[in-house]
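**Student:** Put the two chains together into one complex, using the hints given.
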Amino acid sequence: MDQFVTFGIVGLSLAAIYAIIGSGLVVTYTTTGVFNFAHGATGMMSAFAYWQLTVGWGLPVWLGLVIVLLVLAPAFGALVERALRPVQGLGDAEKLVMTIALLSGLIALARWIWDPNVSRSLPVFFADRPSIHIGSATVSWHQAVTMIIAIAVAIGLRLLMFNTRIGTEMRATVDDRALVGLTGADPIRANRVAWILGTELAAIGGILIASMVALDAAQLSLLIVSAYTAAIFGRLKSLPMTFVGAIVVGCLESYLAGYLPQNEYLPGLRLAAPALLLFAALLVFPHGRLRGRDHRLTKVPLPTIRGTVFFGAIVIVFGLVLATVLSDSDLITFGLIFPISVIALSFVPLAGYAGQISLGQLSMAGIGAAACAYFGENGQWWAVLAAIAVAAIAGAVVAIPALRLSGVYLALGTAAFAVVMDRWIFTLPSFHLFGAEITIFEQGSIELVGPSVFGYHVDTTAEITVFSAVCLALATLLVASLRRSRFGRQLIAQRDSEAAYATLGGNLLLAKVAVFALGAGIAGLGGALYGMQLQSVTAEQFNFVAGLPIFLIAVIGGLGAVGDGFFTGVMLGGPFVAVVALWPDTQDLVSVIPGLLGIAFAGGVISSGAIATLRKDWDPVFRDRAALAVYGVGFALVWLLRLNDIIDGYVFFGLAAGGALVLLAWVSVRGKPVAEVEVPVEWWGIQRDWQPEDEEVLDRAVATRG
Amino acid sequence: MVVALAAVSLMLVAGCSGRSGSETNADSGGEKESTSQASGDFGQLSGVCGPGDAKAASAQGVTADEIKVGVFSDVGFTKNSEFVDAAKVFTSWCNEAGGINGRKITADTRDAKLMEVRQRMLEACKEDFALVGGGAALDGLGVKERLNCLLPSFTAQASQPQSVGADLDIAAAPTRVAGYDPYFGFRTWLLKEAYPESAAAVGIINGDSPVTKSLGPQAIEAIQAAGGTVVYDELYPAMGVSDWTPYAQGIKNKGVKGLVFYGDFKQLAKLEESLTTMDYKLDWIDANSNAYSQSFLDLLGKSASYQNNVLDLGGVAPLESSEPAIEQVKQMYEQYAPDAQITLPAVRAISSWLLFAKSAGSCGDELTRKCVYDAARGETAWMAGGLQAPVDVSQPKVQGPCFNIEQATADGWQSADFQPDNGLYRCDTPPFKLQGDYGAPLTLAAVGKSMSDVQ
Chain A
296 MDQFVTFGIV
306 GLSLAAIYAI
316 IGSGLVVTYT
326 TTGVFNFAHG
336 ATGMMSAFAY
346 WQLTVGWGLP
356 VWLGLVIVLL
366 VLAPAFGALV
376 ERALRPVQGL
386 GDAEKLVMTI
396 ALLSGLIALA
406 RWIWDPNVSR
416 SLPVFFADRP
426 SIHIGSATVS
436 WHQAVTMIIA
446 IAVAIGLRLL
456 MFNTRIGTEM
466 RATVDDRALV
476 GLTGADPIRA
486 NRVAWILGTE
496 LAAIGGILIA
506 SMVALDAAQL
516 SLLIVSAYTA
526 AIFGRLKSLP
536 MTFVGAIVVG
546 CLESYLAGYL
556 PQNEYLPGLR
566 LAAPALLLFA
576 ALLVFPHGRL
586 RGRDHRLTKV
596 PLPTIRGTVF
606 FGAIVIVFGL
616 VLATVLSDSD
626 LITFGLIFPI
636 SVIALSFVPL
646 AGYAGQISLG
656 QLSMAGIGAA
666 ACAYFGENGQ
676 WWAVLAAIAV
686 AAIAGAVVAI
696 PALRLSGVYL
706 ALGTAAFAVV
716 MDRWIFTLPS
726 FHLFGAEITI
736 FEQGSIELVG
746 PSVFGYHVDT
756 TAEITVFSAV
766 CLALATLLVA
776 SLRRSRFGRQ
786 LIAQRDSEAA
796 YATLGGNLLL
806 AKVAVFALGA
816 GIAGLGGALY
826 GMQLQSVTAE
836 QFNFVAGLPI
846 FLIAVIGGLG
856 AVGDGFFTGV
866 MLGGPFVAVV
876 ALWPDTQDLV
886 SVIPGLLGIA
896 FAGGVISSGA
906 IATLRKDWDP
916 VFRDRAALAV
926 YGVGFALVWL
936 LRLNDIIDGY
946 VFFGLAAGGA
956 LVLLAWVSVR
966 GKPVAEVEVP
976 VEWWGIQRDW
986 QPEDEEVLDR
996 AVATRG
Chain B
887 MVVALAAVSL
897 MLVAGCSGRS
907 GSETNADSGG
917 EKESTSQASG
927 DFGQLSGVCG
937 PGDAKAASAQ
947 GVTADEIKVG
957 VFSDVGFTKN
967 SEFVDAAKVF
977 TSWCNEAGGI
987 NGRKITADTR
997 DAKLMEVRQR
1007 MLEACKEDFA
1017 LVGGGAALDG
1027 LGVKERLNCL
1037 LPSFTAQASQ
1047 PQSVGADLDI
1057 AAAPTRVAGY
1067 DPYFGFRTWL
1077 LKEAYPESAA
1087 AVGIINGDSP
1097 VTKSLGPQAI
1107 EAIQAAGGTV
1117 VYDELYPAMG
1127 VSDWTPYAQG
1137 IKNKGVKGLV
1147 FYGDFKQLAK
1157 LEESLTTMDY
1167 KLDWIDANSN
1177 AYSQSFLDLL
1187 GKSASYQNNV
1197 LDLGGVAPLE
1207 SSEPAIEQVK
1217 QMYEQYAPDA
1227 QITLPAVRAI
1237 SSWLLFAKSA
1247 GSCGDELTRK
1257 CVYDAARGET
1267 AWMAGGLQAP
1277 VDVSQPKVQG
1287 PCFNIEQATA
1297 DGWQSADFQP
1307 DNGLYRCDTP
1317 PFKLQGDYGA
1327 PLTLAAVGKS
1337 MSDVQ
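Residue numbers (the working numbering), protein chains in the order written: chain A, 296 to 1001; chain B, 887 to 1341.
Don't read these hints as lab results, they were simulated from the structure.
Treat the numbers as computed from the prediction; the structure is a model and nothing was measured.
Every residue, glycine too, gets a C-beta built ideally from N, C-alpha and C.
Careful: at least some of the hints might be erroneous.
[As the list claims (entries may be wrong)] The following residues of chain B were derived to be distant from chain A, with all beta-carbon distances above 10 Å: (1) S944; (2) K954; (3) V1063; (4) D1094; (5) S1128; (6) D1225; (7) E1252; (8) K1256; (9) P1287; (10) N1308; (11) L1310; (12) T1329; (13) V1333.
[Claimed, not checked] In silico DMTMM-like cross-links for lysine to aspartate or glutamate, where the CA-CA straight-line distance does not exceed 20 Å: (14) K1030/B <-> E672/A; (15) K1078/B <-> D1314/B; (16) K1167/B <-> D1119/B; (17) K1012/B <-> D943/A; (18) K532/A <-> D423/A; (19) K990/B <-> E1252/B; (20) K1167/B <-> D297/A; (21) K1030/B <-> D623/A; (22) K1012/B <-> D940/A; (23) K911/A <-> E973/A; (24) K1030/B <-> E742/A; (25) K1030/B <-> D625/A; (26) K1030/B <-> D940/A; (27) K1012/B <-> E464/A.
Same shape as in the complex, but just chain B (with noise of 0.2 Å):
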């Protein structure tokens, strides 16, 4: 969600790098040594991938022996490979254990580079089945090209108002849901039940981006209603700050005992280095998803013990826990890509490989993009194979109630104590509306078109 904070400071260089348009095409040929089992079982999902006798070229993009598929990302731009990387991982696993009823996946890179959304999504809506597990973080730009040309997308993380929960979008991995406060449970949590006494003196700042700028009132909104109180409110320019000491000092001044921050997790390390100096130590700080990562850990130094960073995977498995599913997700990078880091998106993202995996396995030879979209809308409690927390496909506008806290720590992240009440993951706090107006996803209506145009 807030993965274009760190585009965005890097924005400044979009002049200076080349632009362009270009795709590069993932390598799905996978390796050729195969290991002992090439079977297509993820997790507690059997026969995800599996050989078989289609024929037909039922849809754009499908052929006797392949499925087209876009995977969107902004590589070109923040150098950042996740999702390029999962494509890679789930399709050569994939394609080993026989592909989806024998067609083989291929996965092209949809490169938007920050900026060529547009360009990129109309090349998808010429070539591509459906798009799969990518996220842009300026993909509010590409939302009404795709709409018009009907293309479903499984997008591993949504960013921009425009484009969360627009139709023909599936949400497989626990998103924010427009209109709701993606994080109510875990604010919940912090203010009422682990730190009531941060209640009155909550804080919060934000990165003077377009994209995230209107995290800050939305958050504002749902703290309150948690039972908080906003006593410091500050906005920092996304394109550095050459000293943290000021907001440091401004934050010790108020009196800020928890503080929610929206933005690049290298900023957030350098003002709690300030705090940490001073001595001020807060009862929590919310670095946002964005910063789960050794990283942030080993940029924080001295901060990861002295300061308490608590985060909400919202939902997703934590990387460092014992889930079979994470362990295999981890054995799928090991075979394939070796090099390439497991991150939040890249997890989120394969649970958007499997669902179109499973969806597209379960049309048989007539794969049509409607059959894929019923097929994957069908599925009401989604846990990825055990990936995530159960998400109820069929009910995209209401927020999922679970929500799985980490803690940083010197010695790496682990879950915080947070009494979850189903498996890792705890789902007792109902979602929170909003009643401001913070921006509405498209619909098939606003381009003129409906889902009985879907094919």
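Isolated chain A (complex conformation) (with noise of 0.2 Å):
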């Protein structure tokens, strides 16, 4: 009974952060349809501000307090507020993306400023008073300034929300925007107040957290995913519920450290035990429809089964080229542009068309590796296909739950999925299934090697990094032929109305299943390339967290395009590499780049998507054939060059992109715009200019129709 209490209290006192933090995710996203993925972050970064000027500056614990909450929390949230603000009227997609943009910066930044060696750590608060004692069962001060800041938070929302007037401006918000527009209100007040009000729980419930778990950036922003539950618990919406939440999952945490047997298999499960809580709220508890049908769907390019094939030619040459080129060590590397593109591919069909969000697709990646290594210890040639057998099964048992996600709440599922990948099955030692004896990751670490293909060993790693560029044309040719196909045009037509879809006797069920047990082979696929470029894989490396960017990027690339995927693996595997191998120096501003830009820059490409932006400069060059075949005699005179010996890895890459620029440039020059692109009579004078003969047109026009 005794222990029972310590484990209640104990409970409770996480409840009590875990309700604070996940209060002020319910507000912000009520109010504003973003689900803040950087919460955490925010929460870590407070807690950092506030040991910097307690511990590390000696400021009076009281002052510190003023400015972390006073001062830098509502100064944060007004600039995340502002940073977002373009991407309010898109997609689940986009806005995931800027918090995920925001949170992978936020962790960057934070080890730059807090060198991560130096330990650190927060006293908790009157420390130096004795403990409560109730019974036989103890409450330290900290844990009960805890629960009173608590109990205090939800008066006081509940009082901010229904007896204020901005209150009521932000439910009214919530409830219709337009409305609220309409009535003289200004909803972009309503978002700057749930803002900030969200960042200062975050800051509260960070600095309260911080003094009793290391202080440490990543851990501080991941370790509240249980906060997530207790938000999904009031559906993102309730408050009181959020609270209701945040007891069952303090309590079920602290009993189940407390109260579960102790086993080989099992301690996983309790160290996933808050993902699995998170994914079994989804399911449980019926989510209305999510509003932000007012966002515009984007409409999903059609790609011609020529610029494919072309692309793919383009994609397999450059494999050639990086295999020709670089060193072994740096092949390893570099070569890893094409595994990680094949991975971010899968988004286009699961996400791109059906509008499916998947976050757990470094996941499928990873189950493809592990199989991938289970059937092809001797290279055989059909383990690759197994890899993605397996990898695709794994995904249509995904989808069958996700049917009842969509969303946000689809995300945050996929994002559990993972979640217990990491922390239990890919840790799991080895056990018997139908008789065989699988190990998943078992030594921390699995050998693969390149596949046998019609008796040929492709075993060195020019040989994997052309055999894996080879794989992403042909899986880029598959998807754009998906999506010329039938089942493409099903996919889009449920994700654009999923209702209308299964009015028109379209089956959701096998629509779903089906497109995210592709989507799971042919990450599984990558997954498996991956391997072969590495040689041996850990599970780290498939971990959620290290997903992440690969969505980030491929969303800024725009998940439509079938180009997606090579635009991520480059982005991912080439600029930001090459600059730390040039200048080493620059580490912690690079690592610190992607999450910046993301949030700087992706509001204005991301409505389109980079790869339609950069189509639009570089489709005339396609089309120049003349410009093309100078282009490429040169490029291949270069590649002679260096292949010889003649000049350097970088004189090649510096011609190579140089060459390309000016050809861009040229072609600009040369060429008037092919064919006057047709603008729309509504549009004249804004899309282009305004010319003279407009108006006689425009007369005419309306002449002939009177």
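**Tutor:** Below you can see the structure in the form of structure tokens.
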């Protein structure tokens, strides 16, 4: 009994923190429609700032609290609101990406500012006072304060929401944004208040929890997954239910730590419990229709087969170039462009066509890698196919519960899936299934070898790179032809409206299961290639957090475009890696840049996708055969020079890239815009300049009609 | 050995931070202003480094005036520069004394950034004469390449089973040997001599990272062999624990008297805070040698004096001892890297550097990998000039018997009362051979090579 009460108290104090953090999530989500993945990271930053002020610079506690809670947190909240304004009208994936960028940016920033090798700790509040004894159980003052603050937050939020003008405005914004705007209230102001309030709550939670855990940027940012579960209990809407959820989660965690029997297979289960609970909560609680049909659906571009074949050829040539030009060690690093591309390509059918946001694709890749290592010990050629099949089955299994979820709930569900894989499944000791002994990532790492195709063993790094490039080209072709097929159109139809799709006789279950299986299969292929490239891989390389940058760049690239996979791979595996390789001192800066860039510029690019923007510039080049031929010859020449070691790698890539830019400039000067782009009549004077003859054309058009 | 832990718990960020390939050159030039004596003597070793007239470019990375060696590190990921600093200190010191037979040592940092071990190994294979005084958390990923190119490694700290005691790996400092429990003397002392009443209630907590997970079962086997009973065996998420109280309560409920902790010492400090808050005092807590630092004591706060934190340095002289060799290391750091911290792995790295320098020096003009390797293997009682208990480098498959135990106090680390019988160390417990299969190191035969290929 004694023990039961103690665990209960621990659970409640945890619950208090989760409730504070969770209610912050709910406040921002309901008002702005953005599920803030960086909520924990915000709390982490406040905890570090508070540490710096009070411990680092020795300011008194009250002053530190005042500066963090009344100056820094509101300023940061306002800043985030400003940064997110452009994506406000976009889809869930785009909104998610902004907060994911923020998350990774903040973690990198904190690690840059505060050297992770220096141990820091925050003292608990009232550490000098003796604990309060209730019966045989003890409650520390810190725990008591935490619970009191949680209650105060609950009361405060209630008062704010129902007894103030701004609260009413915020609630009104939730109900009908447009109407609020019409009545003269300012939805942007409501958003700003919501962000400030959310940041504030994250800051309070962060400071409270930071003194109980080790002060570590990544750990603090991700520890509060449990708070997400609490928010899901409240269906991201109801604050009281969020508090109930927090209590359930807090107590469950505490009691599981105390009572779960000890067994080889179970510890992982306990570690994965918050994620499992999140998954369960998502499935059990009914989610009304998601708000957010107000965003416009992006058009899915229709790739031509000829263009895709051409694109595939470029990819293969690129692979050949890398394989012949780079040294072995560089090739291992830069050759990863292709496996990452394949993994990112899996987002195209899944998220781009079918609108299903999955954050678990890298886990699927991990499954593929493990399966490939399991079946292809000696480079059996079919191991790659088996890897695809196993990953596809896993994808189909995930798809069935996912049928109940959509939008941000689906993203959370798949995130929970990925975390369960990381913490439990991937770390399982070997077990028996249907008589076969299965080990997933047993000794920490698994070994992969290249396949033997038609009696030829693909084993050197260069061969594997080219093999990966060929696989990427084929997979891209497959995805492009899917877009043109009946099934592709069905997927897009069910993305546009599930209800309409079902009404017209479409089978939602089938469509979703199929597309999840396809996406997982492609990711599995990518995982297998990734493993072959590195020869041995560990489970950590496939964990949830490692998958976030891939999703981030894929969304910025534009999920609908088949070139998105390659774009993501090149972005992730190319420039940033090369910059750090050339100037190692820039590493800290470079690790912060993607996140910051994402936030600063994604708003502008994200609506159409970076690829669409790029294509606008480059399409004329591809249409200009003469220019292409000249470049092709020049490139081949430079390549030959490099192969004969007349120029070095830097000069080679410099010439190749410089040549491409010159080509772009040349084409734009030489060729007039190929065939005047048709601008609809209502956009004249806006999308293109008003021309004197327009007036006459309009007059005539009106006259004819009359 | 458990160096991986801190890294693995941070591994989350791997996806966020840039991954890339690079190398930074440790500044091997050294300070210009030299102290009074630039002798190449270290502790009891004389003439480790010194001038000479070597001429031959006798092997890869060796020229008439330079020896190029690689130093593995995860510094780009963990931002822990202990191996880089040790390399800088040693090479500066050695080069100032004249180098090795007149050849200057150039240390190239091979920064694996956790995941890029294999890439860095391939680079080292192409350029370096040998690897010295380094280590990477996931070093198992690179052993195959290293054996393929016959690159000897004077590893400061090996981590994964494939790598610990692999062929062509020379462990100058006392190390774990595959198939043995390295802490058996320590455990025996804890359970039989110092705290016999704790033998009936030993607990173990382990981080859930794959690298350390395998250490748990080995520890349990050895504890049982040393006469202990394990009553509590738990994993904690390396990603972080939101509240350690349930674990502390579990430990209290099971009446655990002695606790073995494999993991990040920041987490241990929080666990002890919970234990101390509930007034539960254990007989001993094995904090493992990773915790041997001032920061751990700072984090412990009240628990430093309330709980009894002990750890086994495994036969390396403690930093607070008055051992002249340790004094000299401190002085060298003061001169060449005044801002760097001297850590236990750094001392181990210095030991590796010394063994390398001495062996290379003995080869004279004809400096080859084979010569250095054979010379190093010829050391049957290597003490690194006094930095460590004697290690028989010629017997890499036998666990050394020595240990020395440190105890945390509020005023700093100090030697525990473990009755040393050999200087600072105690070497009377025969090593314990583990029965279970915990992985084996890679051999030259596994990559189709043999010792006769080493030139």
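**Student:** Take the hints in turn and mark each one as holding or not.
**Tutor:** Status of the hints after comparison with the structure:
1. S944: Since the minimum Cβ distance to chain A is about 25 Å, S944/B lies beyond 10 Å and the statement holds.
2. K954: holds (16 Å)
3. V1063: Correct as stated: the minimum Cβ-Cβ distance to chain A is 18 Å, above 10 Å.
4. D1094: violated (6 Å)
5. S1128: Answer for S1128/B: violated, closest chain A Cβ roughly 5 Å.
6. D1225: For D1225/B, whose nearest Cβ neighbour in chain A is about 12 Å away, the distance exceeds 10 Å, so it holds.
7. E1252: holds (29 Å)
8. K1256: Answer for K1256/B: holds, closest chain A Cβ roughly 25 Å.
9. P1287: The assertion about P1287/B holds, with a minimum of 28 Å to chain A.
10. N1308: Given that every Cβ of chain A is farther than 10 Å from that of N1308/B, nearest at about 33 Å, it holds.
11. L1310: holds (27 Å)
12. T1329: holds (16 Å)
13. V1333: holds (12 Å)
14. K1030/B <-> E672/A: Answer holds: K1030/B to E672/A is near 16 Å, not above 20 Å.
15. K1078/B <-> D1314/B: holds (14 Å)
16. K1167/B <-> D1119/B: holds (18 Å)
17. K1012/B <-> D943/A: Status holds; Cα separation ~17 Å.
18. K532/A <-> D423/A: Answer violated: K532/A to D423/A is near 39 Å, above 20 Å.
19. K990/B <-> E1252/B: holds (15 Å)
20. K1167/B <-> D297/A: Distance ~18 Å between K1167/B and D297/A Cα, so the pair holds.
21. K1030/B <-> D623/A: With a Cα-Cα distance of about 15 Å, the restraint between K1030/B and D623/A holds, given a limit of 20 Å.
22. K1012/B <-> D940/A: holds (18 Å)
23. K911/A <-> E973/A: Status holds; Cα separation ~15 Å.
24. K1030/B <-> E742/A: Answer holds: K1030/B to E742/A is near 11 Å, not above 20 Å.
25. K1030/B <-> D625/A: Satisfied, since the Cα-Cα distance of roughly 18 Å is no more than 20 Å.
26. K1030/B <-> D940/A: violated (29 Å)
27. K1012/B <-> E464/A: violated (67 Å)
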